[in-house]
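Note that the protein sequences, when read in sequence, are chains D and X.
Sequential numbering of the first sequence, starting at 46, is according to this note's numbering.
Sequential numbering of the second sequence, starting at 46, is according to this note's numbering.
Calculated from the structure, these hints are not laboratory results.
Just so you know, not all the hints are guaranteed correct.
Repeated chains share a single entry, so a pair holds when one copy, or any two copies, can fit it.
[To be verified] Cross-link-like lysine-lysine pairs, in silico, DSS-like; alpha carbons within 30 Å at most: (1) K187 - K318; (2) K365 - K187; (3) K388 - K311; (4) K271 - K311; (5) K187 - K92; (6) K388 - K365; (7) K311 - K411; (8) K455 - K388; (9) K411 - K226; (10) K316 - K365; (11) K187 - K100.
Predicted model, so just to flag it, every value in this text is computed and none were measured.
There are 2 protein chains.
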Amino acid sequence: MIQAEIVSIGDELLIGQVVNTNASWMADALHQAGIEVGHIAAISDTKESIIQALKAASSRANIVLITGGLGPTNDDITKEVLTQYFDGELYFHEPSFRQIERLFGSRNIPITPVNRAQAEIPTSCTPIHNAHGTAPGMWFEKDGTDYFSMPGVPFEMRAMIQEQIIPRILEKHQVGSILHKTILTHGVGESYLAELINEWESSLPTHINLAYLPQPGIVRLRLSGKGSSKDTLEEEIQHYSQRLHDLIPHLIFGYGTESMEEVVGKLLKSKGKSLSTAESCTGGYIAHLLSSMAGSSSFYKGSVVSYADDVKTNSLGVAKELIEEHGAVSQQVVESMALGAQKSLNSDYAIATSGIAGPDGGSPEKPVGTVWIAMAGPDGVQSELLKLGEHRGRNIRRSALAALNMLRLKLTV
Amino acid sequence: MIQAEIVSIGDELLIGQVVNTNASWMADALHQAGIEVGHIAAISDTKESIIQALKAASSRANIVLITGGLGPTNDDITKEVLTQYFDGELYFHEPSFRQIERLFGSRNIPITPVNRAQAEIPTSCTPIHNAHGTAPGMWFEKDGTDYFSMPGVPFEMRAMIQEQIIPRILEKHQVGSILHKTILTHGVGESYLAELINEWESSLPTHINLAYLPQPGIVRLRLSGKGSSKDTLEEEIQHYSQRLHDLIPHLIFGYGTESMEEVVGKLLKSKGKSLSTAESCTGGYIAHLLSSMAGSSSFYKGSVVSYADDVKTNSLGVAKELIEEHGAVSQQVVESMALGAQKSLNSDYAIATSGIAGPDGGSPEKPVGTVWIAMAGPDGVQSELLKLGEHRGRNIRRSALAALNMLRLKLTV
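Given these sequences and hints, build the entire structure.
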């Protein structure tokens, strides 16, 4: 039985200056590799705390992952403590020094004695190459437990975990095959989705688990299978994923780590079509999502964020009378906004939003959370009314996703 | 001597599904109140783990804060374990039930037996009112250590900590007065700022500490003072804060938890002026920052996100020839964009951005990170060249902050 623990060293964690995202990232990576984490501790950068944490961890686990306290400054005493605890002596490790030289050379910075000392490691460890930084990792073995010590810099630690530490653990311990597939849904909430797919969920074999991972506007479904044959597992997960797709095809917008805007961007690119947006209640958030993707300028033309009514009229050509008659938050106005963006920004498709994001501005007929979205395309315009909640930030996010999803559905027909 | 520990219960933390932001929030709140946290543990929702964690914590600390495992479902066994561990028996606590009734009544939901059971608490605890949820908190005392158990729902836990738990701890333990003041700076990096204020920093008395808290584009400086007299401390912190302000007045944009967009929004409101934006490389992010603030429609008119050059021409009136001659990323074009937004969106002020956010699109003369920002106002237009880094997301964030700051400086003259 394999059981892992995480020990995060650093006073910045104990005063709440830094959130321990390293620990959750490691826990997720280990979990996905089939290695169970039983305990996570954040401790102070002192000899006493480190030794106490190592002893406590080894009494419960046979894998201990340690991060932090390997920086170049004098405050970091992790290496000193580990050297003593595992009965070693520091020696100068040539390959680690060459890595330091390589990194400093590429940045044209002189190497100080403090940096040079980073290449010193205890005789009792197997060094772990740090592809992205100057402090090498260290692997100790004592009384049947493996200890891996890494720097706390996230991208240095992540590369070590993925490329070296998890493979070494899996070489030594039999955990069987683990496969995951994440299916991304949009359009219904967690509990309604659970009802829709209830029968399918019950049909899953016991070695395939389902986790619901909800976020505002999105529910991710993660299938996790354990078994001895990777090929069989792959086939099984593919089978159940396909059956789920057949059940709720319109609700699934992607797989894995894709985002809604990535999916929409890929569809537009593959069809050689362009997009513009006209945003009132989302206030530029859709534009921000699209333009945050590298290369989005190949399909995205831009946006008119028409917060004020005269901007709707002047920049999008929405008739003043339409706003006066129906109000800015109305089917008529949002459709006119989409058509106006399509025309004035000269794009194949345009999506538009107009709504009451809150917390103020609601009325009995149009309470906070009332949002109209529209999409204009080569064959006309369509629109939809959303009834969202009271939280401004979540209303903005959910409106943006719904508008992008409306376009996605159009592009996948 | 007072020493606190945090125990976070929940399997979702150990599989990396949820980042332990509760623990860092609590650590920060306690630290700011002068209570030191020595250890944070994330553990599994099992009897054995909970008892082991309580024993370990009480061997080191005299305050133990426990979150999680107080939900209505059967999986949550924290309450059962605490009842046994502190030698009590569950009884029906009327005031807690009335709180459940009140919450369910306001939402028009019937109370199930499972919800009713949340009002049962151990005889060995002092209940802690949960103003925002159905699960009451519990305060136990054993062998000189205080244990506070709270639900894991962030806003329920936070209110309990701030309004009830920290005051109770401070009533019982003498920690002296603690005062903090956070000064927000923009415009220079951490190390250059450190040089600028080096002498001032050295002049701080030993009981007033300075912490640098850098974020992309912003460096927060936190002064923390400890002393016996709160009034003296307030005067001292005010004195040093004022001296810092005199030293770098243009670099300080705000205090405490203010954001740059809030500061700019307040200035515009107080002067009764309106703003529009013309965004190329920031792609709607400035619009998103401004429109995410409730009430921003009173000063913010909207944005033209001119990702494509023809949008710059058609919607902002930037002359085609200007773009052909100087390129879209140029002083001439960004100034024309700002003037175009000011005119076509009919606002007092307008800010504009045009740059190469990366990772592609750079050239030897205009490498990735080259960004022009401009501001148009009642007395003309001004612009500035930024040379940022290679990270697209950070370039977008830093360009937006710089453009808002340009307007802030204009409005504070």
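Here's how the hints hold up against the structure:
In this assembly of identical chains, the alpha carbons of K187 and K318 never lie at most 30 Å apart, being 60 Å within a copy and 68 Å across copies at closest. For the identical chains of this complex, K365 and K187 are neighbours neither inside a copy (77 Å) nor across copies (71 Å), given an alpha-carbon limit of 30 Å. For a Cα distance limit of 30 Å, the shortest separation of K388 from K311 inside one copy, 23 Å, qualifies, whereas the shortest one across copies, 35 Å, does not. Within a single copy, K271 and K311 get their C-alpha atoms no closer than 32 Å, and across copies no closer than 56 Å, so neither meets the 30 Å cut-off.
Taking CA atoms no more than 30 Å apart as the test, K187 paired with K92 passes in both settings, with 19 Å inside one copy and 29 Å between copies. In this assembly of identical chains, the alpha carbons of K388 and K365 lie at most 30 Å apart whether taken from the same copy (18 Å) or from different copies (19 Å). Taking CA atoms no more than 30 Å apart as the test, K311 paired with K411 passes between copies only; the shortest distance there is 28 Å, against 35 Å inside one copy. In the homo-oligomer, the alpha carbons of K455 and K388 lie at most 30 Å apart inside one protomer (19 Å), although the nearest pairing across protomers, at 36 Å, exceeds that limit.
For a Cα distance limit of 30 Å, the shortest separation of K411 from K226 qualifies neither inside one copy, at 40 Å, nor across copies, at 42 Å. When the C-alpha separation of K316 and K365 is checked against a cutoff of 30 Å, the pair qualifies only between copies, where the shortest distance is 28 Å, while the shortest distance within a copy is 35 Å. When the C-alpha separation of K187 and K100 is checked against a cutoff of 30 Å, the pair qualifies both within a copy, at 11 Å, and between copies, at 26 Å.
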